[in-house]
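Undergrad: Residue-level listing of the chains:
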Amino acid sequence: MQADHAEDLASIREQARRLLQDQATPEHLKSLLNEPGSFDRVLWHHAVEQGWPSVAIPESAGGLGLGWSGLAVICEELGRLTGSLPLIGNTLAAHALIHAGSDEHQALIDSLTSGDAIATLALADPSESGLCGSSSAQVRNGRINGEKALAAFAAVADIALVQAGNERGNGLYLVRLDQPGVQRRLVEGFDNSRATALLQFIQAEVTPLGGAELLGEIGNLAALATAFEQIGGTQACLDMACDYARERRAFGQPIGGFQGIKHKLAEIYCLLEIARGCASDALDAWEQQQPTRRQLTSSARIAAIRAYNLAAQENLHVHGGMGVTWEAMPHHFYRRSRSLALELGSLAYWRERLLADLGLESATALVG
Amino acid sequence: MNHELKLYRERARAWLAEHAPRYSGQARHGLPFEDDLALARAWQAHKVQHGYGCITLPREFGGAGGSELEKVIFCEEEMRYDLPLVYFSISLNNPLPIFLRYAPDAWKQKLGPATVRGELIWCQLFSEPSAGSDLASLRLKAVPTEGGWLLSGQKVWTSWAQIADWGVVVARTDPSLPKHAGLTYFFLDMKSPGITVQPIHRLGEEKDLNEVFFDEVFVPDEQRLGEINGGFKVAVETLMIERYAVTDESGYGPTLENFVDLAGNARLNGRPALEDGEVRARIAEVFVERQGLRAIHRRALEAFARGQAPGPEGAIRKLLLGRTRQSLGAMAMDMLGANGAQLAPHGHAVTDFARAWLDPSLRIAGGTDELLLNTLAERVLGLPQDHRPDKGIPFNAAPK
Chain A
1 MQADHAEDLA SIREQARRLL QDQATPEHLK SLLNEPGSFD RVLWHHAVEQ
51 GWPSVAIPES AGGLGLGWSG LAVICEELGR LTGSLPLIGN TLAAHALIHA
101 GSDEHQALID SLTSGDAIAT LALADPSESG LCGSSSAQVR NGRINGEKAL
151 AAFAAVADIA LVQAGNERGN GLYLVRLDQP GVQRRLVEGF DNSRATALLQ
201 FIQAEVTPLG GAELLGEIGN LAALATAFEQ IGGTQACLDM ACDYARERRA
251 FGQPIGGFQG IKHKLAEIYC LLEIARGCAS DALDAWEQQQ PTRRQLTSSA
301 RIAAIRAYNL AAQENLHVHG GMGVTWEAMP HHFYRRSRSL ALELGSLAYW
351 RERLLADLGL ESATALVG
Chain B
1 MNHELKLYRE RARAWLAEHA PRYSGQARHG LPFEDDLALA RAWQAHKVQH
51 GYGCITLPRE FGGAGGSELE KVIFCEEEMR YDLPLVYFSI SLNNPLPIFL
101 RYAPDAWKQK LGPATVRGEL IWCQLFSEPS AGSDLASLRL KAVPTEGGWL
151 LSGQKVWTSW AQIADWGVVV ARTDPSLPKH AGLTYFFLDM KSPGITVQPI
201 HRLGEEKDLN EVFFDEVFVP DEQRLGEING GFKVAVETLM IERYAVTDES
251 GYGPTLENFV DLAGNARLNG RPALEDGEVR ARIAEVFVER QGLRAIHRRA
301 LEAFARGQAP GPEGAIRKLL LGRTRQSLGA MAMDMLGANG AQLAPHGHAV
351 TDFARAWLDP SLRIAGGTDE LLLNTLAERV LGLPQDHRPD KGIPFNAAPK
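One line per chain: the protein sequences are A and B, in this order.
Note that the numbering used here gives residue 256 to position 256 of the first sequence, counting from 1, and the numbers run on in steps of one.
Note that the numbering used here gives residue 110 to position 110 of the second sequence, counting from 1, and the numbers run on in steps of one.
These are calculated hints, taken from the structure and not from any lab test.
Careful: at least some of the hints might be erroneous.
Unchecked claim - Covered, in the sense of this in silico footprint (three residues per stretch, anywhere, with C-beta under 8 Å from a C-beta of chain B), are these stretches of chain A: (1) 179–187; (2) 238–246; (3) 272–280; (4) 351–360.
What the hints assert, rightly or not - Okay, the calculated beta carbon distance ranges per label pair: (5) Ala250(A) x Gln308(B): 48 to 54 Å; (6) His317(A) x Gly204(B): 49 to 55 Å; (7) Glu188(A) x Ala245(B): 49 to 55 Å; (8) Arg323(B) x Arg140(A): 51 to 57 Å.
Stated by the list, open to error - Facing chain B, according to a computed beta carbon distance under 10 Å, are these residues of chain A, among others: (9) Ile261; (10) Lys262; (11) His263; (12) Tyr269; (13) Ser299; (14) Ala300; (15) Ile302; (16) Ala303.
Fair warning: this is a prediction, and the values are worked out from it, not measured in the lab.
Don't be surprised by glycine CBs; every beta carbon is placed ideally from N, CA and C.
Assemble the whole structure, with the sequences as input and the hints as a guide.
TA: Dropping the structure here:
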């Protein structure tokens, strides 16, 4: 990494931290949890002003040119405060459109990087816990039919990147969501601030963007950026739990003096450091296009899910009764840790993907 | 990592490829203890001759006058061979450097170079039956006498005391002071009258540990290292010398690749064990852990290269590797079922899962899991220290 690049990243981080501290106040975040399909328009407005949707986009396509590291830094900061913005979807949609031919799509790329348009990643199927398998959404003659599983920001998105099948297998498609063949349905969820919705397509028009390879790349990069969001969330839970454990007293001493609490928190720290190590290696591998980038991304995804699960759950526990109230913050992280673990394919899916990358094919492939 | 260090690594790797085979692997198979020890001494002397022995120690004593990072790099490369390094695992890493820091010059000249060459072996007499993690609570008594001190009491878990020529020892010189304040540090001749060394038979078959009994053992005052009653500081300094220990990335147990091979061949409910979800989840977890630890290790080396002290990386590494070595061993044995209870003849913990499982000492020696978690919680996360009812109280008045 160039030294000036590092300075840019540090300043982006600082900027993001300041903005989020100002905007993502507990009261504001709680108001978002009340309604299904909530979207933080105010925060999005500020993020757009600071150029966040264009951070990772190359300068040649009108972006800030800070690469995946730039996106990672912002995602980590978002994760620390359970902010929820469609940065990953917008960035990857722009990336896929650049890949598909930027001349043709420049107007859309511009509106994605300027934040005028919002993209959702509708990769998962309703009956599949991973991202693979035959898609129930099918494309024939340039039209798509079928459903996609609950997708973040689908409630407010203008376009969707959709995984769908065609005669030759699965591919990645662009679907404009303002057309008559698209229906979106809001559902009550435990993390309403993700602006999630179900998408149903009936003869909707699509634009093909690429095949299995692009599909894989988009899934990987989304998982990698999400890993940083999860790491930010893990760090926040750990910090919050440690602060509370130093303050709260029982039996004449701070509860942080009890090994039952100390050891729990040290275990979280270990998982956090493992997740950080995996994610930063994966990030380097993508920046340098190393052949190991796929398996490193799977590792990062697995490590991040494990770390955030434990941190969110134990943070709640360290807070005791307070931890399970609506008033206190731990439940925000508890919700978010789960929604991030479910979006983009579950732990078991990524475990099998990692093993396949390592040459230990799927269990069924071994039979016979 | 800078260019110079890359070159250093390449040179070390080439040198090892040329010289290590005569001292490792096949060369050691079936050797009796004494012969393996002799081979170890020969390898040490050979390394010293070529500038790879005691890399960080000064040249005047036979060291290579190199940097901490060069030592780490050489160790990483050296570990790829099955060399007889274990007899020096204590001697050269802690007792020798602290001795060279504190001993009178004449003593340094007399013992330093011979120790560096592997002719003399040292042990470290710290732990006692009721002073392990709580080192400062040790009781071995040192009473002043004409020209020196008389040591009485017991040490335990002393690695290689049975072959040691010299030792460093911490003893209690003033029990009326709080426990940390009344200790004094010495070096002594392990052949002194009054010393008895008794081997400890371990769970596995390793032959390293001993109990050492002291019956009015005379130690001249010139063999004191540091101030009278200032021994705890020197002891902590001794333990800090090995700032970042290079460890095998499988915790000196079989590798993940060995585990995968086994899972591919073993059968579970009539199908390859590798198809079992629990086995697959474990493989993925261990792979992810190893990947994370590699990144953490690299970060520590980069910190070294910038001249910074290493952080808590070592504690995370020891904690996770110790547990994984045991849990993978147990799961490997499970996959073998009843046959898993065998010990492979001439097997070693690095290649045999049952032997790896049979030696859980990685989770005890150098700090138990619980102690490492405390260290992380207190030093990194800033949580309060454990309750210590003996703090500040004279040793002989503190609750026992």
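Undergrad: Work down the list of hints and note, for each, if the structure agrees.
TA: Here is how each hint holds up against the structure:
Interface restraint, the region 179–187 of chain A with chain B: violated (0 residues with C-beta to C-beta distance below 8 Å; minimum three). For the region 238–246 of chain A, the stated coverage by chain B holds: 4 residues have a C-beta nearer than 8 Å to a C-beta of that chain, and at least 3 were required. Given a C-beta distance limit of less than 8 Å, the hint that chain B covers the region 272–280 of chain A holds, as 7 residues qualify and 3 suffice. Check on the region 351–360 of chain A: 6 of its residues sit with their Cβ under 8 Å from a Cβ of chain B, so the three-residue criterion for coverage holds.
Separated by about 38 Å at the C-beta atoms, Ala250(A) and Gln308(B) break the suggested range of 48 to 54 Å. Between His317(A) and Gly204(B) the Cβ separation comes to about 38 Å, which falls outside the hinted range of 49 to 55 Å. Between Glu188(A) and Ala245(B) the CB atoms are about 53 Å apart, so this pair conforms to the stated range of 49 to 55 Å. The beta-carbon spacing between Arg323(B) and Arg140(A), approximately 53 Å, falls within the hinted interval of 51 to 57 Å.
Hint on Ile261(A) holds. Least Cβ distance to chain B is approximately 8 Å, under the 10 Å limit. A hinted interface residue such as Lys262(A) counts as satisfied when its beta carbon comes closer than 10 Å to some beta carbon of chain B; here the least separation is about 4 Å, so the hint holds. Interface restraint check: His263(A) against chain B, minimum CB-CB distance 4 Å, threshold 10 Å, status holds. For Tyr269(A), the suggested interface contact is upheld, since its CB lies about 6 Å from the closest CB of chain B, less than 10 Å.
This hint holds: Ser299(A) has a C-beta 5 Å from the nearest C-beta of chain B, less than the 10 Å allowed. Proximity of Ala300(A) to chain B holds as hinted, the smallest CB-CB distance being about 8 Å (cut-off 10 Å). A distance limit of 10 Å between C-beta atoms decides the matter here; for Ile302(A) the minimum to chain B is near 5 Å, and the interface restraint holds. Because the closest C-beta pair between Ala303(A) and chain B is about 5 Å apart, less than 10 Å, the hint holds.
In this structure, the earlier hints numbered 1, 5 and 6 are contradicted, and the remaining ones agree with it.
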